[in-house]
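Participant: Here are the chains, one letter per residue:
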Amino acid sequence: MTVKTRSKKVRVTTPFFKSMWAVVWKDLKAEGRSFQLLSAMWIFSFLVILIFNFAFELNIRERTNVASGILWVAFVFAGTLGLNRSMAVEKDRGCLDGLLLAPVDRSVIYFGKVIGNLFFMFMVEIPVLFLFAVFYNYFEIFNWGVILVIVLGSIGYTVVGTFLSSMSAQSRSRDVLLPILLFPVVLPVVINAVRASGNFLQAQEFMFVWPSIRMLIVFDVIFLALGYMLFDFIVEE
Amino acid sequence: MNEKPKMLTFFDWASVILLLVASYLVFFFAPMEAVMGNVQRVFYFHVSMAWIGSIGFLLAVFAGIAYLKTKDRKWDIVGLAGIEVGLVFAFINIVTGSIWARPIWNTWWTWDPRLVTATIAELVYIAYIMLRAGIDDPNRRARFGAVYAIIGFVSVPLSFFSIRIWRTIHPIVIGAGGENGEAVDMQMTGDMRIAFFFSLFTFTVVAISLVWHRIRLGQLQDKVEQLKVKANM
Chain A
0 MTVKTRSKKV RVTTPFFKSM WAVVWKDLKA EGRSFQLLSA MWIFSFLVIL
50 IFNFAFELNI RERTNVASGI LWVAFVFAGT LGLNRSMAVE KDRGCLDGLL
100 LAPVDRSVIY FGKVIGNLFF MFMVEIPVLF LFAVFYNYFE IFNWGVILVI
150 VLGSIGYTVV GTFLSSMSAQ SRSRDVLLPI LLFPVVLPVV INAVRASGNF
200 LQAQEFMFVW PSIRMLIVFD VIFLALGYML FDFIVEE
Chain B
0 MNEKPKMLTF FDWASVILLL VASYLVFFFA PMEAVMGNVQ RVFYFHVSMA
50 WIGSIGFLLA VFAGIAYLKT KDRKWDIVGL AGIEVGLVFA FINIVTGSIW
100 ARPIWNTWWT WDPRLVTATI AELVYIAYIM LRAGIDDPNR RARFGAVYAI
150 IGFVSVPLSF FSIRIWRTIH PIVIGAGGEN GEAVDMQMTG DMRIAFFFSL
200 FTFTVVAISL VWHRIRLGQL QDKVEQLKVK ANM
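From first to last, the protein sequence lines are chains A and B. Residue numbers for the first sequence follow numbering that gives the first Met the number 0, beginning at 0 and rising by one. Residue numbers for the second sequence follow numbering that gives the first Met the number 0, beginning at 0 and rising by one.
Only chain A is shown next, with the shape it has when bound in the complex (with noise of 0.2 Å):
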């Protein structure tokens, strides 16, 4: 019932999109009844930057060098354990099966699978960024350039890792195979990703910032349309 208000408020023009968020409120409305993946991802996510802080003895002087490539290893770790399960989830009582009887474009579930799965990225992110800040009294993470450079990472790394986790999750070692193809494919992002927010901390020119950012939005829209593409031959059986 709620989902027939909902999208009716949402008011969308065409099917695409209508169909699209019904996947994407689908995947949350699923997690928030149990919110299994948000919270093993926050754990997670914790858990990795209190790793680096005993691995690293993270003092002030050291933190503005290595926090953008501790928050990045956090959020990609925390990421692909997201991924895995959002895709196991539908592979394993056949939700998969179901999803691709409905009468609508490929596209709009790989979309759909997308953009939940940016939200929970997201949902991770915020409180890590808290977190972080707290714990190395280092607010200074909070700044425009930052934020901009982790939602364009988000984007190309969920783009990536929607797609190959619906790879793996049809072959026989789901969860290992994941990190295995989407590191070395999503690397390029995770590097501009985090270059671009570390010039952010250490306060650089925008002007050398630029060619990393330029990179991340080249990297994400190459992955969308190869992502858009491909994503037919995936699913097919």
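Keep in mind that the hints are not guaranteed to be accurate.
[Unchecked claim] Label pairs and their in silico Cβ distance ranges: (1) B:I103 / A:A224: 37 to 47 Å; (2) B:F196 / A:F55: 42 to 52 Å; (3) A:V150 / B:F9: 32 to 42 Å; (4) B:K68 / A:F138: 49 to 59 Å; (5) B:K68 / A:F16: 26 to 36 Å.
[Stated by the list, open to error] Away from chain B, derived, C-beta distances all over 10 Å, residues of chain A: (6) W20; (7) R32; (8) S33; (9) F43; (10) L95; (11) D96; (12) V103; (13) S106; (14) G144; (15) V159; (16) Q169; (17) L186; (18) Q203; (19) E235.
Because the hints were derived from the structure by calculation, they are not lab data. Idealized CB from N, CA, C, for every residue including glycine.
Using the hints, position chain B against chain A.
Facilitator: The following block gives chain B in isolation, referenced to the frame of chain A:
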């Protein structure tokens, strides 16, 4: 299985002879580089390896697209052949680079963008092999392999262009644009150029021969699979 084609035998022998000639050209014919000395000779093979690696990966992209269009098994075999051969050559490329870097940069390895991106490309295709190993259904394996080969290839041109996007210490010998955009010609003497292009040609022939062999092997594997299924029925 049909017999080994005469053309392939020709390629095999051509590879052997060309490799001998190329070794002679690289080690004796090409002049010694003024600054770096003899270790510069690794360059002739190093670039050829990178060339073959990239071509192998590119072949897999075309084969992948062809497979997704036609669903013909033969393209899957071609794609796999391209990647396996490319993987080996790309690895030798990194190793020869490392050998050159030890005396010149005074380190086996440095986290230079060019090196990093070459490694990323290598890892992508190792993941490709692992992906294939993880899927039993041959049609799905071919489909996923094709898709991953296309997506993964993004990292190969990146590896090449990164040298121009980020500051790098990796030398640019071919088609280097000057700082102000003026074209700088190749910084090689005539004899160096002969050795360079000859080894490029040599390894292209070697790679064609290897890919061809790998394709035949793939066809044989397919046949064995089919026979096994038949025998079990």
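Participant: None of the hints should be skipped; say for each whether it holds.
Facilitator: Now for the hints, and whether the structure bears them out:
1. The beta-carbon spacing between I103 (chain B) and A224 (chain A), approximately 40 Å, falls within the hinted interval of 37 to 47 Å.
2. Look at F196 (chain B) against F55 (chain A): about 49 Å separates their beta carbons, and that is inside 42 to 52 Å.
3. Taken as a hint, the range 32 to 42 Å is violated for the pair V150 (chain A) and F9 (chain B), whose Cβ atoms sit roughly 57 Å apart.
4. Roughly 54 Å separates the CB atoms of K68 (chain B) and F138 (chain A), a value that falls within the hinted 49 to 59 Å.
5. The beta-carbon spacing between K68 (chain B) and F16 (chain A), approximately 30 Å, falls within the hinted interval of 26 to 36 Å.
6. With a least beta-carbon separation of about 26 Å from chain B, W20 (chain A) lies farther than 10 Å from that chain, consistent with its non-interface assignment.
7. For R32 (chain A), the non-interface assignment is confirmed: its Cβ lies about 31 Å from the closest Cβ of chain B, beyond the 10 Å cut-off.
8. With a least CB separation of 28 Å from chain B, S33 (chain A) remains clear of the 10 Å interface cut-off, as annotated.
9. At the 10 Å boundary, the C-beta of F43 (chain A) stays outside the reach of chain B, the nearest C-beta of that chain being 23 Å off.
10. Here L95 (chain A) stays apart from chain B, with its beta-carbon at least about 14 Å from theirs, past the 10 Å limit.
11. D96 (chain A), annotated as away from the interface, keeps every beta carbon of chain B farther than 10 Å; the closest lies near 15 Å.
12. The claim that V103 (chain A) lies off the interface holds: its Cβ sits roughly 21 Å from the closest Cβ of chain B, which is beyond the 10 Å cut-off.
13. Listed as a non-interface residue, S106 (chain A) keeps its Cβ farther than 10 Å from every Cβ of chain B; the least gap is roughly 14 Å.
14. No Cβ of chain B comes within 10 Å of the Cβ of G144 (chain A); the nearest lies about 19 Å off, and the non-interface call holds.
15. The non-interface label for V159 (chain A) is inconsistent with chain B: the shortest C-beta to C-beta separation is roughly 8 Å, within 10 Å.
16. Chain B draws Q169 (chain A) into its interface by the beta-carbon criterion, the shortest separation being 7 Å against a cut-off of 10 Å.
17. The non-interface label for L186 (chain A) is inconsistent with chain B: the shortest C-beta to C-beta separation is roughly 5 Å, within 10 Å.
18. For Q203 (chain A), the shortest C-beta to C-beta distance to chain B comes to about 14 Å, beyond the 10 Å cut-off, and the non-interface label holds.
19. E235 (chain A), annotated as away from the interface, has a beta carbon of chain B within 10 Å; the closest lies near 8 Å.
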